[in-house]
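Model the placement of chain F on the given structure of chain H, informed by the hints.
Protein sequence lines, in the order shown, are assigned to chains H and F.
Numbering-wise, the first sequence is residues 1 to 424 according to our numbering.
Numbering-wise, the second sequence is residues 1 to 313 according to our numbering.
Among the clues, some could well be false.
Unchecked claim - For each label pair, taking beta carbons as the anchor points, the in silico distance ranges come out as: (1) F:Glu301 to H:Arg73: 57 to 63 Å; (2) H:Ile166 to F:Glu243: 49 to 55 Å; (3) F:His299 to H:Glu92: 39 to 45 Å; (4) H:Pro238 to F:Glu51: 43 to 49 Å; (5) F:Asn35 to H:Pro415: 57 to 63 Å.
Unchecked claim - Distance condition first, Cα-Cα at most 16 Å in a straight line; then the derived EDC-like pairs of lysine to aspartate or glutamate: (6) H:Lys49 to H:Glu89; (7) H:Lys221 to F:Asp196; (8) F:Lys201 to H:Glu89; (9) F:Lys134 to H:Glu118; (10) F:Lys309 to H:Glu89; (11) H:Lys169 to F:Asp74; (12) H:Lys221 to F:Asp273; (13) H:Lys221 to F:Asp74; (14) H:Lys336 to F:Asp196; (15) F:Lys134 to H:Asp229; (16) F:Lys134 to H:Glu148; (17) H:Lys221 to F:Glu200; (18) F:Lys309 to H:Asp200; (19) F:Lys106 to H:Glu118; (20) F:Lys5 to F:Asp273; (21) F:Lys106 to H:Glu148; (22) H:Lys170 to F:Asp74.
What the hints assert, rightly or not - Computed list of chain H residues with no C-beta within reach of chain F, every gap over 12 Å: (23) Lys65; (24) Ser72; (25) Asn139; (26) Asp352.
Everything labelled a hint here was simulated from the structure, so no lab data went into it.
Quantities reported herein were computed from a predicted structural model and do not represent experimental measurements.
Glycine included, every Cβ here is placed at the ideal spot set by N, Cα and C.
Listed here are the chains, written in short residue letters.
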Amino acid sequence: MTLQQSIDKSAAHRRKLHKPELLAPAGNLEKLKMAVHYGADAVYIGGQKYGLRSNADNFSFDEMKQAVEYASRYDAKVFVATNIFAHNEDIEGIAAYLEQLQEAGISAIIAADPIIMETAKQVAPKVEVHVSTQQSSVNWRTVQYWKEEGAPRVVLGRETSMQEIIEIKKRVDVEIEVFIHGAMCSSYSGRCVLSNHFTDRDSNRGGCCQSCRWQYDLYQKNGNPVAADIPLFAEDDPAFSMSAKDLFMIQNVPALIESGVDSFKIEGRMKTVHYVATVVNAYRQAIDSYLDNPDRYVLKQEWLEEIYKAANRPLNDGFFFDSPAAKDHIFGPEDKLVSYDFAGLVLDYDADTKIATIQQRNYFKPEYEVEFFGPNHTLFHQKVETIWDDKGNELDAARHPLQVVKFKVNQPLKPMDIMRKKLG
Amino acid sequence: MNRNKPELLVTAGSLEEIQMYVKAGADAVNIGENNFGVRMPGNFTTLDIKEAIETAHRLHAKVYVSINNLYHNDDLEALSVYLQQLSEWKVDAVVFGDPAIIMLMKELNIQIPLHWNAEMLSTNYATATYWERKGANRVVLARELNLEEIHDTKRNLQSMEVQVQVHGMTNIYHSRRELLQNYAAHQGKSSVKQDDFSMEKEMYLVEEEREGLQFPIFEDDNGTHVMSAEDICLIEVLDELLEVDLDSLKIEGIMKSAAYNEVVIACYREAIDQYYANPEEYECNPAWLERIKKVQDEHRELTFGFLFKEQVY
Chain H
1 MTLQQSIDKS AAHRRKLHKP ELLAPAGNLE KLKMAVHYGA DAVYIGGQKY GLRSNADNFS
61 FDEMKQAVEY ASRYDAKVFV ATNIFAHNED IEGIAAYLEQ LQEAGISAII AADPIIMETA
121 KQVAPKVEVH VSTQQSSVNW RTVQYWKEEG APRVVLGRET SMQEIIEIKK RVDVEIEVFI
181 HGAMCSSYSG RCVLSNHFTD RDSNRGGCCQ SCRWQYDLYQ KNGNPVAADI PLFAEDDPAF
241 SMSAKDLFMI QNVPALIESG VDSFKIEGRM KTVHYVATVV NAYRQAIDSY LDNPDRYVLK
301 QEWLEEIYKA ANRPLNDGFF FDSPAAKDHI FGPEDKLVSY DFAGLVLDYD ADTKIATIQQ
361 RNYFKPEYEV EFFGPNHTLF HQKVETIWDD KGNELDAARH PLQVVKFKVN QPLKPMDIMR
421 KKLG
Chain F
1 MNRNKPELLV TAGSLEEIQM YVKAGADAVN IGENNFGVRM PGNFTTLDIK EAIETAHRLH
61 AKVYVSINNL YHNDDLEALS VYLQQLSEWK VDAVVFGDPA IIMLMKELNI QIPLHWNAEM
121 LSTNYATATY WERKGANRVV LARELNLEEI HDTKRNLQSM EVQVQVHGMT NIYHSRRELL
181 QNYAAHQGKS SVKQDDFSME KEMYLVEEER EGLQFPIFED DNGTHVMSAE DICLIEVLDE
241 LLEVDLDSLK IEGIMKSAAY NEVVIACYRE AIDQYYANPE EYECNPAWLE RIKKVQDEHR
301 ELTFGFLFKE QVY
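Chain H on its own, in the form it takes in the complex (with noise of 0.2 Å):
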């Protein structure tokens, strides 16, 4: 260590700054390991029952138990989302379902309504309960309120500003989580039953198809009875909508630190393992860099270009410095952003012959230029060479899924590497 070196340390040590949570989502068991592979400290996912998305695949109490076991070898928690606002039909499984959740290992859940709370309480006390965003808790005496409950967490809605995440943190002693990165509710989240509205789906139980971000025509009612109603656009204007943009705080992972925040939470149960990893290992770059030397810490481009390659929505930063303009949602058709996909997953790679052994997710072929990036800053692209399945027959295209395939990377790889094509 340089003598610059170790005063950075010792600034970085003075000012007691305080390590965040990574919080990834994770669809299924596969995205869950990837998620902590690539540096996320916590994961949460659904189960069968009680959560929101209810399209998800969702973990069985078994696969809980293996996600579990898997995430505490890197020292990761398993968190599952029992986020729904309960109906009467709801309530006779609680308990038998949490008392699976607590046997199964899991370490909190995300709770919505205070029936899952109260209920977690009495039957599975090993289980931390986390106040899920869907309460919208956005001021400090709410957030005292949930401590003084008995929960350990509070997620705050995504309506709170950092000044108001500062004072929330200055004057309740409770852990505080919030969302950094992925889709929002444009309502108070919870506030919303368009849904059940539009196509009689339940949007609190899981149901929510989104209806937000349809297009709609605005008009404003003729007090003439006889008159028509008068449109609030022109004709070529884009449709209203209610659609707001994804959020990303990439670019101001120093001032979440220096707020207290404690866990920095990503959105994503239905995204993919392409972009669950890219999401992860950039904010989990930043992070890193910041604390290790805050004084020279400088926002690397890459990051920022790593989550363009996964983000298939225009990105804003919400509430956190002030109120969402225009430019913070989407009228008229959304952009499709998405210009990476996840093409394959290293196996293996040798070091001698520098042949890589790899399990296809998506078409590619010799000649493709790739792209491989794994965490501890793996990141490197290169033109796909010949291709040779298992037993060694040579290949004019990796077309089939799960198919396991080698050919030349002239960089080292590991394990769990991904590589990722251009699209279009």
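For chain F alone, kept in the frame of chain H given last:
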């Protein structure tokens, strides 16, 4: 069996409306001050509220004040003062959703009856019981519940009162975002100019595949609010609803004229009285629905809401 008649509650926007509505048959009114209450049919200043409470009490009607927003740090100080005043003025109940209200009342050491109203989130009896333990004496049920759920909820509650909306529109979306303003800004040089997005402007949304349905939308200091395209009207099925004794039936008066609300109140008043005079012999008088239909906006259908619906997820 001695059955308790439910109270007939209506939201009111002014002192005049309170007098009118009580005269038309309302037992209680729900009012609010725009700094603290959201989606109220009119604004009462703090002093108006004092007068409203006195007026209503003279007329033997109750006054519930909505403090039903989701609050931010900056709101808390003023909220404390307001709660203190309401307590002194002997408001009959505060309608709340944010637990900050419970914290503030504890700190101020004041006791005001509390009605727990988390809009679409008040969906089961067990959670209602939870809020009862925290001091609420009434649950205002989500309008997205069906008949069976409403009845089961009431049956499963010992002493907590149950309030159900029987008429009017409902809020279906609340965002803190200034979505209408943002849309106008996005349109930029568009020929369409608009800078007032209040509920008085009577704006509405039409979804591409649901022509004919008009969803009222407005924006205020609390963000953007979208309302239902239909009005709940349960007068024809009041006997079914009242198979289990409910404690309060609410008429939502927001975005309706006082004259409209007066007609609606009068009809429900008659219906409730007639039902309780002799439940076995009760029949819905078609004239009630006729009277309501006469004043009903032709673009807004009267429906049973979610009363007979099965939702999936």
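How the hints compare with the structure:
1. F:Glu301 to H:Arg73: 57 to 63 Å: holds (59 Å)
2. H:Ile166 to F:Glu243: 49 to 55 Å: holds (53 Å)
3. F:His299 to H:Glu92: 39 to 45 Å: Roughly 42 Å apart at Cβ, these two residues keep to the hinted range, so it holds.
4. H:Pro238 to F:Glu51: 43 to 49 Å: Holds, since Pro238 of chain H and Glu51 of chain F (Cβ atoms, about 47 Å apart) stay within the stated range.
5. F:Asn35 to H:Pro415: 57 to 63 Å: holds (59 Å)
6. H:Lys49 to H:Glu89: holds (12 Å)
7. H:Lys221 to F:Asp196: Given that 16 Å is the threshold and the Cα spacing comes to 14 Å, the pair holds.
8. F:Lys201 to H:Glu89: violated (41 Å)
9. F:Lys134 to H:Glu118: Distance ~13 Å between Lys134 of chain F and Glu118 of chain H Cα, so the pair holds.
10. F:Lys309 to H:Glu89: Holds, at roughly 15 Å.
11. H:Lys169 to F:Asp74: holds (15 Å)
12. H:Lys221 to F:Asp273: Given that 16 Å is the threshold and the Cα spacing comes to 37 Å, the pair is violated.
13. H:Lys221 to F:Asp74: Distance of about 35 Å is beyond 16 Å: violated.
14. H:Lys336 to F:Asp196: violated (33 Å)
15. F:Lys134 to H:Asp229: violated (48 Å)
16. F:Lys134 to H:Glu148: holds (12 Å)
17. H:Lys221 to F:Glu200: holds (10 Å)
18. F:Lys309 to H:Asp200: Holds, because 8 Å separates the two Cα atoms, which is no more than 16 Å.
19. F:Lys106 to H:Glu118: Outside the cut-off at roughly 21 Å; violated.
20. F:Lys5 to F:Asp273: Given pair Lys5 of chain F, Asp273 of chain F holds - Cα atoms ~8 Å apart, limit 16 Å.
21. F:Lys106 to H:Glu148: Within the cut-off at roughly 13 Å; holds.
22. H:Lys170 to F:Asp74: With Cα atoms ~15 Å apart, Lys170 of chain H and Asp74 of chain F stay inside 16 Å; holds.
23. Lys65: holds (26 Å)
24. Ser72: holds (33 Å)
25. Asn139: The assertion about Asn139 of chain H is violated, with a minimum of 5 Å to chain F.
26. Asp352: Per Cβ check, Asp352 of chain H is outside 12 Å of chain F; nearest 55 Å; holds.
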